[in-house]
Amino acid sequence: MKKEYVTFVRRLSDLGDGKETLFIKDLTPGPRKYDTKLVRAELSRNSGNLPDGDTLWIRSETGHLHPQPWSIKILEELPPYAPGQPWQDVFSSLRHLKS
Amino acid sequence: MAFSDLREFIAALDKSGDLVRVKKEVDWDMEVGAISRRVFERAGPALLFEKIKDYPPGYAILNGPVATWRRVAIALGLPPDTAVREIYAAYEERREKKLKPVVVKSAPCQENAMTGPEADIYRLPAPMVHDGDGGRYIGTWDIVITKDPDTGWSNWGMYRFMTHTQNMLTGWPQATSQLAMMMKAKYLPRKQPMPIAIVIGCESLCHMVATDPYKPGESEVEYAGGLRGAPVELVQCKSQDLMVPAHAEIVIEGEVLPDKIAHEGPFGEYPGYRSGTMSEGVLVQITAITHRTNPIITLSTLGVPPDDSSIAASLTAAIAMKRGLKRHGVPVREVYVPPEGVTHLIVVSVERGGSRVARQVLDYFTARRVMVSKIIVVDKDLDPFDMNQVIHAFATKCHPAKGITVEHYEGRANALTPCFSAEERRRLKGASVVFDATWPEDWEEESIPVKSSFETTYREAVRQKVLANWESYGLGGKP
Ligand SMILES: Cc1cc2nc3c(=O)[nH]c(=O)nc-3n(C[C@H](O)[C@H](O)[C@H](O)COP(=O)(O)O)c2cc1C
Ligand SMILES: [Mn+2]
Numbered sequence: 001m002k003k004e005y006v007t008f009v010r011r012l013s014d015l016g017d018g019k020e021t022l023f024i025k026d027l028t029p030g031p032r033k034y035d036t037k038l039v040r041a042e043l044s045r046n047s048g049n050l051p052d053g054d055t056l057w058i059r060s061e062t063g064h065l066h067p068q069p070w071s072i073k074i075l076e077e078l079p080p081y082a083p084g085q086p087w088q089d090v091f092s093s094l095r096h097l098k099s
Numbered sequence: 001m002a003f004s005d006l007r008e009f010i011a012a013l014d015k016s017g018d019l020v021r022v023k024k025e026v027d028w029d030m031e032v033g034a035i036s037r038r039v040f041e042r043a044g045p046a047l048l049f050e051k052i053k054d055y056p057p058g059y060a061i062l063n064g065p066v067a068t069w070r071r072v073a074i075a076l077g078l079p080p081d082t083a084v085r086e087i088y089a090a091y092e093e094r095r096e097k098k099l100k101p102v103v104v105k106s107a108p109c110q111e112n113a114m115t116g117p118e119a120d121i122y123r124l125p126a127p128m129v130h131d132g133d134g135g136r137y138i139g140t141w142d143i144v145i146t147k148d149p150d151t152g153w154s155n156w157g158m159y160r161f162m163t164h165t166q167n168m169l170t171g172w173p174q175a176t177s178q179l180a181m182m183m184k185a186k187y188l189p190r191k192q193p194m195p196i197a198i199v200i201g202c203e204s205l206c207h208m209v210a211t212d213p214y215k216p217g218e219s220e221v222e223y224a225g226g227l228r229g230a231p232v233e234l235v236q237c238k239s240q241d242l243m244v245p246a247h248a249e250i251v252i253e254g255e256v257l258p259d260k261i262a263h264e265g266p267f268g269e270y271p272g273y274r275s276g277t278m279s280e281g282v283l284v285q286i287t288a289i290t291h292r293t294n295p296i297i298t299l300s301t302l303g304v305p306p307d308d309s310s311i312a313a314s315l316t317a318a319i320a321m322k323r324g325l326k327r328h329g330v331p332v333r334e335v336y337v338p339p340e341g342v343t344h345l346i347v348v349s350v351e352r353g354g355s356r357v358a359r360q361v362l363d364y365f366t367a368r369r370v371m372v373s374k375i376i377v378v379d380k381d382l383d384p385f386d387m388n389q390v391i392h393a394f395a396t397k398c399h400p401a402k403g404i405t406v407e408h409y410e411g412r413a414n415a416l417t418p419c420f421s422a423e424e425r426r427r428l429k430g431a432s433v434v435f436d437a438t439w440p441e442d443w444e445e446e447s448i449p450v451k452s453s454f455e456t457t458y459r460e461a462v463r464q465k466v467l468a469n470w471e472s473y474g475l476g477g478k479p
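These protein sequence lines are chains A and B, in that order.
Here the first sequence stands for residues 1 to 99, numbered as in my numbering.
Here the second sequence stands for residues 1 to 479, numbered as in my numbering.
Don't take every hint at face value.
Said to hold, decoys possible - Keeping only pairs whose Cα atoms sit at most 25 Å apart, straight-line, the calculated DSS-like set for lysine-lysine is:
id: 1; chain 1: A; residue 1: K37; chain 2: B; residue 2: K429
id: 2; chain 1: B; residue 1: K53; chain 2: A; residue 2: K3
id: 3; chain 1: B; residue 1: K260; chain 2: A; residue 2: K19
id: 4; chain 1: B; residue 1: K260; chain 2: A; residue 2: K33
id: 5; chain 1: A; residue 1: K37; chain 2: B; residue 2: K53
Derived from the structure by calculation, the hints contain no laboratory data.
Please work from the sequences and hints to get the whole structure.
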């Protein structure tokens with residue numbers, strides 16, 4: 001069974017095919033639904049390119065759901081936070097984490 | 001008499017017919033939110049969901065404790081049908097009073113405790129409120145307590161908090177909030193975590209005080225005592241050096257981390273939109289969760305009005321604005337914050353109007369963090385609580401060119417105002433406007449248009465005669 005996750009981006013164009021570091025929420029039903037993980041993962045907008053990947057739904061910063069989910073293959077689970085001071089933009093911190 | 005806890009308040013709502021207990025099992029994942037939203041939009045009762053899917057029987061969620069004027073009146077100990085103007089007056093009068101809290105040794109809020117690695121937020125039925133929110137919001141109608149390490153002053157504020165992991169929350173006290181000021185001034189420079197308590201499920205006046213913009217250094221717990229007419233009982237937290245209301249349903253203790261951040265939001269917010277504030281907040285490491293047996297989560301499924309924000313929090317905002325305007329030298333008579341305007345639209349009634357006063361009003365609203373978008377200034381010849389009269393004055397007395405003044409600003413705009421672009425919201429760039437619906441101060445009395453209403457256009461003798469004879473005209477209704 002494929003698992004399902006959701007992630008939030010400011011704009012869809014912020015997300016690219018290939019390796020990304022991102023927060024994902026686990027959509028498995030039950031009392032722990034929406035639990036968050038920070039992962040390094042392989043992403044693809046075409047599920048054919050990641051046959052053993054799970055489903056990744058994407059929402060914008062206003063919560064708009066993009067109709068087409070992507071595929072995600074988790075490579076590594078990281079501690080569930082990024083370095084940074086309160087009120088800093090989490091996304092730019094994640095970009096620094098990557099490089 | 002003051003309600004000692006949320007349960008007494010719920011019993012009062014039950015008795016007055018302002019509460020419905022939902023006994024059928026409901027899903028915390030969107031179903032609670034959808035039901036609550038629909039009931040808000042019909043100005044319906046408070047809802048106590050008594051059986052939540054995935055959670056033990058007895059664990060409950062209360063939506064909309066003070067989302068109607070009737071429930072605000074009950075919270076204040078007034079008759080449920082008290083008029084809005086009288087509710088405003090009662091709050092204004094009691095807001096000045098202070099009563100010191102009483103410290104107790106043992107407390108209902110600590111009947112059950114999960115400490116250290118045992119703490120698991122998923123053992124509480126935090127709802128997924130709106131489809132598309134960034135996560136489950138445990139804090140929507142809460143009291144968030146932090147303490148100044150130098151002065152010992154504790155701040156109370158109401159800020160949203162979301163479940164992140166089993167033992168972490170993320171939240172969004174705005175960068176202009178007192179919590180943010182304290183963290184930036186007192187903890188970040190020392191690279192220290194800031195102790196925090198997120199308190200859920202007190203009687204309603206404590207929560208209303210947390211929405212009220214008291215000045216830094218002002219002790220909200222004392223004002224809550226004054227407003228209630230009885231001191232708030234406080235108890236020491238289990239894992240942090242903080243005092244919390246003893247009769248709360250749930251207390252989440254933790255630390256705001258100075259060097260780590262995580263995803264937060266977006267959330268369907270009080271202006272009635274999800275306008276995109278996300279991942280620019282704080283991360284809290286939970287150190288303990290304590291709760292009453294069969295805890296009740298207080299929830300406000302925010303959105304289009306009316307809800308607890310547009311009713312109860314508009315009241316606290318209005319009274320604070322009236323005081324502020326007075327202090328600023330504005331000849332203010334009354335301030336009304338119509339729920340339909342979600343604290344974006346404010347009506348200010350003044351003793352004497354004119355462009356200078358309108359400018360003064362705009363200056364007051366734009367001096368610091370700006371939450372307000374549009375202000376209508378009206379003369380004392382109308383009832384500012386009656387929006388029909390306000391719209392009439394706005395339509396007729398506000399000069400389309402000379403009666404409108406705009407103020408632009410950056411770095412202190414309301415990040416949730418839907419008409420600002422995403423870029424403006426990020427830079428806290430915005431503008432506010434005053435609509436001067438008063439007569440210019442330099443108009444001669446003899447040339448001011450005369451309002452054609454029964455009260456203003458006929459002489460006393462004619463009015464008296466009509467009223468005295470009213471029944472004999474065969475028109476029905478009261479004279
Ligand atoms: C239901 C509700 C939710 C709120 N959520 C937030 C929030 O998430 N962040 C925020 O900064 N203010 C929020 N506010 C507004 C603050 O509670 C208000 O500005 C209060 O004065 C904050 O306390 P402070 O003055 O100590 O910062 C909310 C108000 C209400 C009524
Ligand atoms: Mn405060």
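Taking the hints in turn, this is what the structure says about them:
Only pairs whose Cα atoms come within 25 Å are accepted, and K37 of chain A paired with K429 of chain B is rejected, the gap being roughly 33 Å. With a CA separation close to 21 Å, the supplied pair K53 of chain B and K3 of chain A stays within the 25 Å bound. A C-alpha spacing of about 23 Å is found between K260 of chain B and K19 of chain A, which places the hinted pair at or below 25 Å, so the restraint holds. For a cut-off of 25 Å, the pair hint linking K260 of chain B to K33 of chain A stands: about 23 Å separates their Cα positions.
Under the criterion of a C-alpha separation no larger than 25 Å, the hint pairing K37 of chain A with K53 of chain B is consistent with the structure, at around 24 Å.
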